[in-house]
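A.B. asks: Using the sequences and the hints, build the whole thing.
Residues per chain are reported as follows:
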Amino acid sequence: NAGVTQTPKFQVLKTGQSMTLQCAQDMNHEYMSWYRQDPGMGLRLIHYSVGAGITDQGEVPNGYNVSRSTTEDFPLRLLSAAPSQTSVYFCASSSGLFYGYTFGSGTRLTVV
Amino acid sequence: GQQVMQIPQYQHVQEGEDFTTYCNSSTTLSNIQWYKQRPGGHPVFLIQLVKSGEVKKQKRLTFQFGEAKKNSSLHITATQTTDVGTYFCAGHEDSSYKLIFGSGTRLLVRP
Chain P
44 NAGVTQTPKF QVLKTGQSMT LQCAQDMNHE YMSWYRQDPG MGLRLIHYSV
94 GAGITDQGEV PNGYNVSRST TEDFPLRLLS AAPSQTSVYF CASSSGLFYG
144 YTFGSGTRLT VV
Chain G
81 GQQVMQIPQY QHVQEGEDFT TYCNSSTTLS NIQWYKQRPG GHPVFLIQLV
131 KSGEVKKQKR LTFQFGEAKK NSSLHITATQ TTDVGTYFCA GHEDSSYKLI
181 FGSGTRLLVR P
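Quick note, the sequences are listed as chains P and G, same order.
Start counting at 1 in the first sequence, then tack on 43, and there's your number in this note's numbering.
Start counting at 1 in the second sequence, then tack on 80, and there's your number in this note's numbering.
Derived from the structure by calculation, the hints contain no laboratory data.
None of the values given here were measured: they were computed from a predicted structure.
Be aware that one or more of the hints could be misleading.
Simulated crosslink set (SDA-like; lysine to any residue; CA at most 25 angstroms straight-line) [said to hold, decoys possible]:
| # | chain 1 | residue 1 | chain 2 | residue 2 |
| --- | --- | --- | --- | --- |
| 1 | G | Lys178 | P | Leu152 |
| 2 | G | Lys150 | G | Thr108 |
| 3 | G | Lys178 | P | Tyr142 |
| 4 | G | Lys131 | P | Ser138 |
| 5 | G | Lys150 | G | Val130 |
| 6 | P | Lys52 | G | Ser183 |
| 7 | P | Lys52 | P | Glu115 |
| 8 | G | Lys150 | P | Phe141 |
| 9 | G | Lys150 | P | Gln100 |
| 10 | G | Lys178 | P | Thr129 |
| 11 | G | Lys178 | G | Asp98 |
| 12 | G | Lys116 | P | Tyr142 |
| 13 | P | Lys52 | G | Arg186 |
| 14 | P | Lys52 | G | Pro119 |
| 15 | P | Lys52 | G | Arg118 |
| 16 | G | Lys139 | G | Gln160 |
| 17 | G | Lys178 | P | Pro118 |
| 18 | G | Lys150 | G | Asn111 |
| 19 | G | Lys131 | P | Tyr142 |
| 20 | G | Lys178 | P | Leu121 |
| 21 | G | Lys178 | G | Thr107 |
| 22 | G | Lys136 | G | Tyr90 |
| 23 | G | Lys116 | G | Gly133 |
| 24 | G | Lys178 | P | Gln65 |
| 25 | P | Lys52 | P | Arg87 |
Partial pick of chain G residues on the chain P-facing surface, computed with a CB cut under 7 angstroms [stated by the list, open to error]:
| # | residue |
| --- | --- |
| 26 | Asn111 |
| 27 | Gln113 |
| 28 | His122 |
| 29 | Pro123 |
| 30 | Phe125 |
All residues carry an ideal CB built from backbone N, CA and C; glycine is no exception.
C.D. replies: Put into structure tokens, the structure is as follows:
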């Protein structure tokens, strides 16, 4: 099994550009989440989903959109990139509320 | 909203010494999970605690969930260089699907 696959691994954007970070899992997990990780700030929840067609906001949702049209895929869209969105982004999935999350290897995003 | 704090932020120990990190939530948690992230890597799930006062062990690692389900600790006995990394706690607030992470404790081990 591939687990959770994130693409791309690295990306540089100019301020104002938009892009989509891809996340796919092959474990048939219902729960999926996006986190960003900044130095000294741990992992902050951006958006999450508890099943296809169901999404909700996390701690820091501004500037990001998500959709969940299938169980496998959970893309994260940056609408108009800003330098404050420079971060490492992790996608994670779980089979339920009381199960651990499996993380992807991350996308390192730099906005200049 | 729910906040999860971890202390210390950083600890540097001699190999063979013990290490403890503490996790405190502003609200009651339905569960607590612990993750380890190696430098340059992604978080990896270690364990979950659900019951008040629960204690679980994994070899040299001991995990505790507080009686009030608002705090937790991870204790490593006789650290090894392979223990290097950042340890995160994370929890779901009661009736919430959001898994909120603490800020993490970075462990360095001197050989």
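A.B. asks: Run every hint past the structure and note whether it holds.
C.D. replies: Against the structure, the hints come out as follows:
| no. | hint | result |
| --- | --- | --- |
| 1 | G:Lys178 to P:Leu152 | holds, 24 angstroms |
| 2 | G:Lys150 to G:Thr108 | holds, 5 angstroms |
| 3 | G:Lys178 to P:Tyr142 | holds, 13 angstroms |
| 4 | G:Lys131 to P:Ser138 | holds, 20 angstroms |
| 5 | G:Lys150 to G:Val130 | holds, 11 angstroms |
| 6 | P:Lys52 to G:Ser183 | holds, 23 angstroms |
| 7 | P:Lys52 to P:Glu115 | holds, 19 angstroms |
| 8 | G:Lys150 to P:Phe141 | holds, 17 angstroms |
| 9 | G:Lys150 to P:Gln100 | holds, 23 angstroms |
| 10 | G:Lys178 to P:Thr129 | holds, 23 angstroms |
| 11 | G:Lys178 to G:Asp98 | violated, 32 angstroms |
| 12 | G:Lys116 to P:Tyr142 | holds, 16 angstroms |
| 13 | P:Lys52 to G:Arg186 | holds, 24 angstroms |
| 14 | P:Lys52 to G:Pro119 | holds, 16 angstroms |
| 15 | P:Lys52 to G:Arg118 | holds, 17 angstroms |
| 16 | G:Lys139 to G:Gln160 | holds, 12 angstroms |
| 17 | G:Lys178 to P:Pro118 | holds, 18 angstroms |
| 18 | G:Lys150 to G:Asn111 | holds, 9 angstroms |
| 19 | G:Lys131 to P:Tyr142 | holds, 14 angstroms |
| 20 | G:Lys178 to P:Leu121 | holds, 21 angstroms |
| 21 | G:Lys178 to G:Thr107 | holds, 13 angstroms |
| 22 | G:Lys136 to G:Tyr90 | holds, 24 angstroms |
| 23 | G:Lys116 to G:Gly133 | holds, 22 angstroms |
| 24 | G:Lys178 to P:Gln65 | holds, 21 angstroms |
| 25 | P:Lys52 to P:Arg87 | holds, 19 angstroms |
| 26 | Asn111 | holds, 6 angstroms |
| 27 | Gln113 | holds, 6 angstroms |
| 28 | His122 | holds, 4 angstroms |
| 29 | Pro123 | holds, 5 angstroms |
| 30 | Phe125 | holds, 3 angstroms |
Taken one by one, the earlier hints fail for this structure only at number 11.
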